[in-house]
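**Student:** Here is what each chain is made of, one letter per residue.
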Amino acid sequence: DAGVIQSPRHEVTEMGQEVTLRCKPISGHNSLFWYRQTMMRGLELLIYFNNNVPIDDSGMPEDRFSAKMPNASFSTLKIQPSEPRDSAVYFCASSLWASGYNEQFFGPGTRLTVL
Amino acid sequence: DAKTTQPPSMDCAEGRAANLPCNHSTISGNEYVYWYRQIHSQGPQYIIHGLKNNETNEMASLIITEDRKSSTLILPHATLRDTAVYYCIVRPHNAGNNRKLIWGLGTSLAVNP
Numbered sequence: 204d205a206g207v208i209q210s211p212r213h214e215v216t217e218m219g220q221e222v223t224l225r226c227k228p229i230s231g232h233n234s235l236f237w238y239r240q241t242m243m244r245g246l247e248l249l250i251y252f253n254n255n256v257p258i259d260d261s262g263m264p265e266d267r268f269s270a271k272m273p274n275a276s277f278s279t280l281k282i283q284p285s286e287p288r289d290s291a292v293y294f295c296a297s298s299l300w301a302s303g304y305n306e307q308f309f310g311p312g313t314r315l316t317v318l
Numbered sequence: 669d670a671k672t673t674q675p676p677s678m679d680c681a682e683g684r685a686a687n688l689p690c691n692h693s694t695i696s697g698n699e700y701v702y703w704y705r706q707i708h709s710q711g712p713q714y715i716i717h718g719l720k721n722n723e724t725n726e727m728a729s730l731i732i733t734e735d736r737k738s739s740t741l742i743l744p745h746a747t748l749r750d751t752a753v754y755y756c757i758v759r760p761h762n763a764g765n766n767r768k769l770i771w772g773l774g775t776s777l778a779v780n781p
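Taken in sequence, the protein lines are chains A and B.
First residue of the first sequence: 204, per my numbering; consecutive thereafter.
First residue of the second sequence: 669, per my numbering; consecutive thereafter.
Bound-form chain A, shown alone (with noise of 0.2 Å):
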């Protein structure tokens, strides 16, 4: 099993530009979830989907953000415009819900710096 995969593992971009992050869920998980974490507010949950749908997006700062999860095995964060304040590291992780059981398997994150 892979595990959770994320894409770019870095990303550097200037302010204004659109930012996509990428995220495939392990095959068979049910939920999936994208987090944000930096030094000042830790670990913050941006936004999470159960079966594609989007349950809960009270953790997306702004209208800037968007997130989509078009089928079961891929899901993308959109920032536009990006600024210099979003800069953190973003994690995808996902889970299978089963008997209420809520093991979270993480990807690798994503470290995006906007200049």
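None of these hints come from the bench; they were simulated from the model.
Watch out, some of these pointers could steer you wrong.
[Claimed, not checked] Chain B is nowhere near these chain A residues, computed Cβ spacing over 10 Å in every case:
1) 211
2) 217
3) 220
4) 223
5) 227
6) 231
7) 255
8) 264
9) 266
10) 267
11) 268
12) 273
13) 275
14) 281
15) 290
16) 317
[To be verified] Heads up, incomplete: computed chain B residues facing chain A, CB under 10 Å, no partners named:
17) 704
18) 711
19) 769
20) 774
Predicted model, so just to flag it, every value in this text is computed and none were measured.
For glycine and all other residues, C-beta sits at the position ideal for the given N, C-alpha and C.
With chain A fixed as given, assemble chain B onto it according to the hints.
**Tutor:** Using the frame of chain A, we list chain B on its own:
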């Protein structure tokens, strides 16, 4: 979800047991205690979870007090590779569509040679 309180940092000597405490005094009857850890530059990793009985797996042991208001994660023989931030989280077992984990700041454990 119930809130948790953890010490911000701890030290442990290599080869000794590391005992990481967590207070969750407002925990509800249907809430489980989960532990994750995050090694530097990696994503968090699940360690163990429990309801009211003590649990043990290949990574650690989880001791939950009888009143369930606190718990301790035990790494029996800490190694340098156990240096990480450890997160204690409580959440309902069956929460319908709510699959969120609420992350605090955790305990930064330093295992020293």
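**Student:** Against each hint, give a clear statement of whether it holds in the structure.
**Tutor:** Comparing the hints with the structure gives:
Look at residue 211 of chain A: its CB is around 15 Å from the nearest CB on chain B, clear of 10 Å, so calling it non-interface holds up. Every C-beta of chain B lies more than 10 Å from that of residue 217 of chain A, the closest at about 24 Å, which supports listing it as non-interface. Every C-beta of chain B lies more than 10 Å from that of residue 220 of chain A, the closest at about 25 Å, which supports listing it as non-interface. Even its closest Cβ contact with chain B, about 19 Å, leaves residue 223 of chain A beyond 10 Å, as expected for a residue assigned away from the interface.
The claim that residue 227 of chain A is not at the interface with chain B holds, since no C-beta of that chain comes within 10 Å of its own (minimum 14 Å). No beta-carbon of chain B is positioned within 10 Å of the beta-carbon of residue 231 of chain A; the least distance is around 16 Å. Non-interface status of residue 255 of chain A relative to chain B is upheld: no Cβ of that chain comes within 10 Å, the nearest being about 13 Å off. Every Cβ of chain B is farther than 10 Å from the Cβ of residue 264 of chain A; the closest lies at roughly 16 Å, confirming the non-interface assignment.
With a least beta-carbon separation of about 22 Å from chain B, residue 266 of chain A lies farther than 10 Å from that chain, consistent with its non-interface assignment. Consistency note on residue 267 of chain A: stated as away from chain B, and its beta-carbon is indeed over 10 Å from all of that chain's, at 22 Å minimum. Interface exclusion of residue 268 of chain A from chain B stands, the closest Cβ pair being 17 Å apart, more than 10 Å. With a minimum CB-CB distance of about 20 Å to chain B, residue 273 of chain A clears the 10 Å threshold, and the non-interface call stands.
Remark: the non-interface label on residue 275 of chain A is consistent with the geometry, its nearest Cβ contact in chain B lying 15 Å away (cut-off 10 Å). Residue-level check passed: residue 281 of chain A sits 20 Å from the nearest beta carbon of chain B, beyond 10 Å. Every Cβ of chain B is farther than 10 Å from the Cβ of residue 290 of chain A; the closest lies at roughly 16 Å, confirming the non-interface assignment. Every C-beta of chain B lies more than 10 Å from that of residue 317 of chain A, the closest at about 19 Å, which supports listing it as non-interface.
Nearest Cβ of chain A to the Cβ of residue 704 of chain B: about 8 Å, under the 10 Å cut. The hint holds. With a cut of 10 Å, the hint placing residue 711 of chain B at the interface with chain A holds, because the nearest CB-to-CB distance is about 3 Å. Interface hint status for residue 769 of chain B: upheld, as the beta-carbon distance to the closest one in chain A is roughly 7 Å, under 10 Å. This hint holds: residue 774 of chain B has a C-beta 8 Å from the nearest C-beta of chain A, less than the 10 Å allowed.
In summary, the structure agrees with every hint in the numbered list given earlier.
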